[in-house]
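Visitor: Each chain, written out:
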Amino acid sequence: MNIVCTFCGSVCDDGIYEEGKVKRLCKLGSSKFSIENKQRLKAPLVDGKEVSYEEAIEKAAEILVNAKRPLLYGWASTANEAIRLGVILAEKLGGIYDQCASVCHAPGVLAVIEEGLPGGTLGSIKNRAETIVFWGANPMEAHPRHGVRYSISAKGILVKDRKHRKVIVVDVRKTKTAKVADMFVQINPGSDFAIFTALRSILNGNENAVPSEVGGVKKEQLIELANILKNTKYGAILYGLGVSQSRGRDRNVEAAIKLVQLLNRFTRWVIWPMRGHYNVVGAGEIPAWEAGYQYAIDFSRGYPRFFPNEFSAVEVLKRGDCDAALVVASDPAAHFPAAAVKHLKKIPVIQIDPYINMTSLLAKIIIPSAIYGLEAEGSAYRMDGVVLRLKKVVDSPYWTDEDILELLLKRVEELKR
Amino acid sequence: MLVLRPKTKFDISVEAEITPELATKNLKEIENFQIYCGNRTLKLKDLFEISKQGDEKKILLEGDFSKVKYIGFGMDGGEIIVKGNVGTHCGALMKNGKIVIEGNADDWLGAEMKGGEIIVKGNAANLVGSAYYGDLAGMSGGKILIEGNAGNYIGDKMTGGIIEIKGDAGDFIGTEMRGGQIIIHGSCGFVGSDMRGGEIIIKGNFELLPSFVEKEGFWIGDVNVKGEGKIKKLQ
Amino acid sequence: MIEVELVTGRTLEQGATVEEKLTENYFYAVNYIELNEEDFASLKLKDGDRVKVKTKFGEVVVFAKKGDLPKGVAFMPLGPYANIVIDPNTAGTGMPKFKGVRAKIEKTEERVLSIRELLEVI
Amino acid sequence: MLYIKNGIVVDPKNKIKAEKMDIFIKDGKIVEEKDVKKSECKVIDASGKLVVAGGVELHSHIAGSKINTGRVMRPEEMRYVRLVAGKFRACVGRILMNAPAIGYEYAKMGYTTAVEPAVPPIGSPHTHEELDSIPMLDKLALPVFGNWHLVLKFVAEKNIEKLKAFIAWALERTKGFGVKVVNPGGVEAWMYGGNMKSLDDKVPGFGVTPREIILSLVEANEKLKLPHSVHLHCNNLGIPGNYTTTVESIKLASKFSNDKRQVLHITHVQFNAYAGDSWRNVASGAAEIAKAVNSENVTIDMGQAIFGPATAMTGDAPFQFTLHKLLGARWSNKDSEVESGAGIVPIAYLPSNPVHTVQWAIGLELGLLCDSNKVVIATDYPNGGPFTEYAYVIAMLMSKKMRENELKRVHQYAQKATVLPTIETERTLEEVINMTRSLPAKILGLENKGHLGIGADADVAIYDMNPLEVDTSSEFEKVYKVFKTALYTIKGGEIIVKDKELVKEVWGRTFWIDATKKVDPSLIKQDLEDYFKYYTVEIENYGVDEAWMRNPQRIKVV
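First to last, the protein sequences are chains A, B, C and D.
Each residue of the first sequence is one higher than the last, beginning at 1 in the working numbering.
Each residue of the second sequence is one higher than the last, beginning at 1 in the working numbering.
Each residue of the third sequence is one higher than the last, beginning at 1 in the working numbering.
Each residue of the fourth sequence is one higher than the last, beginning at 1 in the working numbering.
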């Protein structure tokens, strides 16, 4: 039967599941559905002791209600239904909602605030893009089927195949993606902003402002690149964490968007982030309609406020500015800088996750949950904002994130009354 | 004058939109002034020792206020002296008056400031004199003096006023600036991106973007927005 | 000892083992640093050797590998080892600097800590 | 059970002009007196108060990727706090609001039904999830068809039967209510930087024209006998001189007849009603348009501009890019598969700006010059501004004196570039109730909405005004105040607003049209299969199932 993959932001929906085996998916997708390798709990744990779901949730509700500033973090690897409950829970608790994008593509949100996002869906790129630029993105490792399904060698109605498409990689190292590209532009780490700016200067007719080399790239090569961009009928810049996690962060993305805005004065270009987790987009879209912002949302005053420099999980933890944490479908202990993990070790942590991970090692309460796309049904946003329905293909004894959060929200409301 | 001292070391940050206006109120009003700590609504007296010495429009903050946010937010006259560090949003939207911080200041110091003066004896963090997210203009008047170093995103979308930094500054100084002046005595990173007007004057090293052109000993740009901002070396 | 610009990033192995964090598979997927061939040689390293990676923000011992990288650039898979040494400052954005931090690399005889041990020392 | 006692009822559909009446409600419906036990009824004393049906919003961008991107792009909008969390959800947003705020604000205004009028088909699951997060309202969604490759293909093939089958398929998959067309052909042309400048331009790659697209879709829509007509956002939106395109588009209706409703609804006409040939000499083309509207079987909504901040967001991607260039403002764009596109740009209407003043005047002109049975009050939220200012529009339409006052404070360019100053018409209460209730319900084909007859949905608004005692022409300030906030709003028989305050959160239904039984699905099976090879989702994963929706309500077309 058909399955929808719940690993990366590509959310490939052409998987096949037969007698415990998956077909068509990539190495990452296959690992997702190989649950025999995964370490999972039999039952919820409170202080290392097995308890029922109800008991664990009761205890979790007490911790959260008593907290002055609970942090509710994660959300990128769960279904929309659970995320919505998470946002409402954060609002009821007067806590902070933050999601995995804040250590991933969130700087892109700050750039959207400055400039907007001239983009398109993957289907638009697949069918129309003659030129695709992967900038600081390495889909061959992070989104292995992206190239086949949507970009590099995808077969489109207007752009037929790989032969009719030019692929350019801009990166600081020769990645696997760079190896399959038609053109590789190697840049110095931290120079993305200067290079985007140089390209704008060239396209604006101000070549004279550009020195002979920018960020390790010769001016001639920049001019060549600018000409390719300008002379493409329809192109796409797909950027990755190389842009959002390096020097310049949001300003890199902003400069890239300004470049695309400029290119649209000559031809058609779109830009889009290569989002990582399968539902990290949902973890932003849902709070956006429920509370007005995508991440780093503080509800302590009874209404949402947005300040990533203060309310992103890393900042909240580094500042020691939370006294309890609910972590859903994420592993901050493994993925946050050590300075942030330090505080996480000091406060009561409640974890809801299908798997044991590094955060489990410091959690007070661990509530195991069903795996969406395999053991549970729900909706998720592909990286381009297209919603797909995740399938349930096997039964499991685990509660879903939605079940757990629904009861948790109910108990929190009752305790607060 | 009103003197406040934290009763304890704060673990969770406190929001206290204190302006010198408060010093003119009677003691009871001052004690009951609403503040916030996480999701709890509290009174000023719950977290601070309060002493009122006359009606002068002046506040003295003694101790560590590094976790106290919104000090002097939107203030319109009078004086605040912080004998220690101060938290985020200090002096943001300030219209008039003076804030002296003897320690360090956190992010958003003097954001969208319209007038008055802020002096930081220590360092300031990021987003000094910047525009809040989505707003079209940052600092439009007044003066911010930082005797130590400052972080990233200084004077974003600034339209007027002066920011002077005696030490070094971080990356992205005067982005989309339209007016006013930023003076940096030390070094900094990228400067003046998409700048339309105003001046950035730097004594130390900085990274010139490939969108400025040299003209009579200074640089003019940003050419990508047909800007007429100036970057000059401080002699 | 050499100085490099350290970047971190995803790898296929890191991704394929990310939901089994306490296994050996994940341990080996994230506990190394890739160096440019010349840099690798200059430290007199051979495969399986360990190096200490030191930055302003911390230090960590990992295995060393050769990688297709420019001289002076080093790569670590994203994960708990890299997170000891990357720049945690978000500089007003909420986002730490995971890519692009100055690091010193030296050969070491110290062993590579397990994931559990790593969490203990943070 | 509810018993609304002694209210002064205005119910244009049932020809009730301000009569003192009682209204009885049971099981979410308006019923006859004999159907309830008065002793068991909750009684609302509406003596001397205006009792009308709940408002029906015909065109408001309340859910989906456009408004959500708008929110993300405009945090300065979201900083405005409407309601602190407590019994109700926290509400934020000045013009763009979070989803709970949208439901609450409509309810407070006495509205109980709303249409999201531009769903990118592949984005329909998102739109429905977001609609499901809006409390208080019954909802409808209109997917866009006018640039969908398969539509263009069937139009090129002149195959109306296939087009019918495709519309039925698409409405079922998107859980849509009707056929929306945005800048037909122009959005596809935009994919390569172009647009459609006239009804007879050829769409690149297909050779069809906007005229053919509109005519074919109307024909298919009429043959399917869908409750709503084609809902058209005309070509050349936002371009000086565009009124001629609009008039031409309106006249296409003459080829069709329908005695139950219009054959074409033209939306947010203000944006398509400009004379002149540049922004320097832009003027109103409203009078010409009104003439065409009054003589053809079409209806329109105003697209009224309200002074203050707004956000332009439409499926008309090329227009949004033009606006971005014009204003130098932020710009989001979304090219959607090979279906549609969209764009978002922040804007503001200033009374000191001559162009904005003309825009503001045109909406009102349309509201005054068109037959009151043909024009619906709407701001094309958030394009023309907030829906929360409908009271302003109502009061303006009802009072020449108020218009004179307002014309004094705005840029005097409006005096020469529009005919607003010369219009004497003052809408009656019955007319504005029609323009906000009965008419939009009729246009949509919602028989149980927009009136208070027996069997109607028990959606009722009670306003603090005795229509028999108010002179709406001179007491415009009172009219504004009255319609700004309802005294009571009743949704499906439940009191959700009482004494102008929210009292209960309820969740409405989402209506969608099932016309699949009227067509032969095998006609387009091969086309869909061929086409889905180029999609990025499998055909079986495309669209929305009822089971995923909060409260779907299928309406079968027979």
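Calculated directly from the structure, the hints in this document are not laboratory data.
Among the hints, a few may not be true.
Claimed, not checked - Taking lysine-lysine pairs in the DSS-like style, the calculated list, with each CA pair at most 25 angstroms apart, reads: (1) A:Lys160 x A:Lys176; (2) A:Lys174 x A:Lys92; (3) C:Lys44 x A:Lys179; (4) C:Lys46 x A:Lys27; (5) A:Lys230 x C:Lys52; (6) C:Lys66 x C:Lys52; (7) A:Lys176 x C:Lys56; (8) B:Lys215 x A:Lys219; (9) A:Lys59 x A:Lys392; (10) A:Lys49 x A:Lys346; (11) D:Lys533 x A:Lys23; (12) D:Lys153 x A:Lys155; (13) C:Lys46 x A:Lys174; (14) A:Lys59 x A:Lys345; (15) D:Lys504 x A:Lys416; (16) C:Lys44 x A:Lys342; (17) A:Lys23 x A:Lys391; (18) C:Lys104 x C:Lys65; (19) A:Lys233 x A:Lys166; (20) D:Lys525 x A:Lys410; (21) A:Lys342 x C:Lys104; (22) D:Lys325 x A:Lys233; (23) A:Lys318 x C:Lys54; (24) A:Lys92 x A:Lys391; (25) D:Lys17 x D:Lys504; (26) D:Lys401 x D:Lys478; (27) A:Lys176 x C:Lys71; (28) A:Lys38 x A:Lys410; (29) C:Lys52 x A:Lys342; (30) D:Lys87 x A:Lys155; (31) D:Lys400 x D:Lys17; (32) A:Lys160 x D:Lys401.
From a predicted model like this one, the values you see are computed outputs, not experimental measurements.
Visitor: Provide an ascending list of the numbers of those earlier hints which the structure does not satisfy.
Guide: 2, 3, 4, 5, 7, 9, 16, 20, 24, 25, 28, 30 and 32
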